[in-house]
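Chemist: Please model the entire structure based on the sequences and the hints provided.
There are 2 protein chains.
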Amino acid sequence: MIDITLLGCGGSLPTPNRSLTSLLLSHNGKNILIDCGEGTQVSMKIAHTGFKNIDIICLTHVHADHVAGLPGLLLTIGNSGRVDPLLLVAPTKSKDILSGLLKLCMALPFEVRFLECNEDRVTRFHHNGIDIQALPVEHSIPTVCYSLNISRKKKFNVDKALENNIPKIYWSVLQSGKKVEHEDTTYTPDMVLGNDRKGLKICYCTDTRPIPELNNFIFDSDLFICEGMYGDDSEVSKAIQNKHMLFSEAAYLAKNSNVKELWLTHFSPSLSEPIIYLDKTQEIFKNTIIGEDRLSTSLKFE
Amino acid sequence: MIDITLLGCGGSLPTPNRSLTSLLLSHNGKNILIDCGEGTQVSMKIAHTGFKNIDIICLTHVHADHVAGLPGLLLTIGNSGRVDPLLLVAPTKSKDILSGLLKLCMALPFEVRFLECNEDRVTRFHHNGIDIQALPVEHSIPTVCYSLNISRKKKFNVDKALENNIPKIYWSVLQSGKKVEHEDTTYTPDMVLGNDRKGLKICYCTDTRPIPELNNFIFDSDLFICEGMYGDDSEVSKAIQNKHMLFSEAAYLAKNSNVKELWLTHFSPSLSEPIIYLDKTQEIFKNTIIGEDRLSTSLKFE
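So the sequence lines, in the order shown, correspond to chains A and B.
Per our numbering, residue 1141 is the first one in the first sequence, and the count goes up by one each step.
Per our numbering, residue 1141 is the first one in the second sequence, and the count goes up by one each step.
Treat the hints with caution; some may be incorrect.
[To be verified] To give an idea of the interface, some chain A residues facing chain B are shown, with a C-beta separation under 7 Å as derived from the structure:
id	residue
1	K1185
2	A1187
3	G1190
4	P1211
5	L1215
6	G1218
7	L1226
8	L1238
9	K1243
Quick caveat, the hints were computed from the structure, so don't treat them as lab data.
Backbone N, C-alpha and C define an ideal beta-carbon position, used for all residues, glycine too.
Modeler: As structure tokens, this is what we get:
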């Protein structure tokens, strides 16, 4: 299971009722934060998410509306008693700006490790059992979109274990994924485990144009959280110029990539009522939800 | 007249109902901001103060709770259409951290000029007719407290003008503060103007211990806005260690310096109900007010 909270749904500038875009994912008691605009820590306090267990912060890019909350949040995490290292993931060429921001965080009680994403291809790494991938996308500065894949453990298959004559004393070790060597025989986990089972996939995509590479990257997502900077299709030239997306472009991405549910986020400050564009967007992709601060869900394995 | 709005009254960490300490002063259509913690721009939006007319931002020091809102605010000021330079005033040794923060503000449409305060003595400058002074105080990093003095124009004195035989055609020029030379005679403004008239003085003081120099610095203030990190006198050792003040210490400063009104601000996040210490504080200094977000007043000349 994974709990997902959209901490903020605003783009560009915060408004009194809309924090800047940020997403918190909780899995097995560990938290992953994606983006950290000004006010993220306040939204976390309202949502009672806690601070100490944030192990990793993934940044889509280093525009202020996505990172200005970072110094304050890191200091608050420090105040929460964290001493374990924290991993900061960011696109290529972000280090200079992040180092500048982090000068404000004097003497943190934990180490901030830095992972810079590849400039021209997907970056892939594993963290707390989650397969995280970052795809370079198209914005005015280096930007990545993230996919998080949580694999589901294979089921223990008694018939298979018996068929393979596995001694019962090794069953639990093999079920946990370790192999066993006894005298001249090697027992491997696949001898007692069933077929692959579908995991969970969550994608987070802002700020970018809807580039073709996104279709594969977000394919089959259980939840696709995507920017909807502009609701009205007549603003397409503004979307192209500012390298953002229309609601309809996000909806076509969702439709063409077989995702289960789409949350729109990162609304332009001028878009005070995104809800008025929902019907039209749902004509393209039915399972569209207009994001709002602290919209949350829990995804479970099927 | 000067309008004063306490944009936030929180210290250290923002809470859902308390923005970080920041103060906005408006005089003759121009705004002065003191400190800019995370969320300051949101409080400004709620207060409908506008952004374009902020000519000067004075920072007490570069701890995150006083400056982390700066990149977002500067970008929002840029979005508001400002092109005139903005003056950023900060204590000595702040430039490195501020330069780091400002890397986030790519391509602002206005120039940010920087004024570094003296390390060991009062810094004094004039801005839009206001005499601004910064006193180095005692905190864990270089910190200053600010006083703003708005002088009141002298009144035109008809009897004095007649007594000094000033030709009527020069009265308005002399009243405006300019001298007039005609043939061999020089006419000066003091020949037509009355005595000095009391102006307005506002002081803003956080974060510091109540050092003796503050008594003179804040003397005769119409409004003294001062940190009250801790309400309970039993926390004095914590106040000394963290270089902050108790409510009672702020109240004694106000009492001993003949100020008219004291606003307490910069409350510790653990101080959820500062109001419970009000009665005891008012026993020391009667005109004490517990600050809250967007507490505001207008000060007028007597």
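Chemist: Please go over all the hints and tell whether each is borne out by the structure.
Modeler: Now for the hints, and whether the structure bears them out:
1. K1185: Since the shortest Cβ distance to chain B is 6 Å, the answer is holds.
2. A1187: With a closest approach of 10 Å, the A/A1187 hint is violated.
3. G1190: Interface hint status for A/G1190: violated (14 Å vs cutoff 7 Å).
4. P1211: The hint holds - A/P1211 has a Cβ within 7 Å of chain B, the shortest such distance being about 5 Å.
5. L1215: holds (5 Å)
6. G1218: Constraint on A/G1218 not satisfied, violated at 11 Å.
7. L1226: violated (16 Å)
8. L1238: Violated: closest Cβ of chain B sits about 9 Å from A/L1238, beyond 7 Å.
9. K1243: holds (4 Å)
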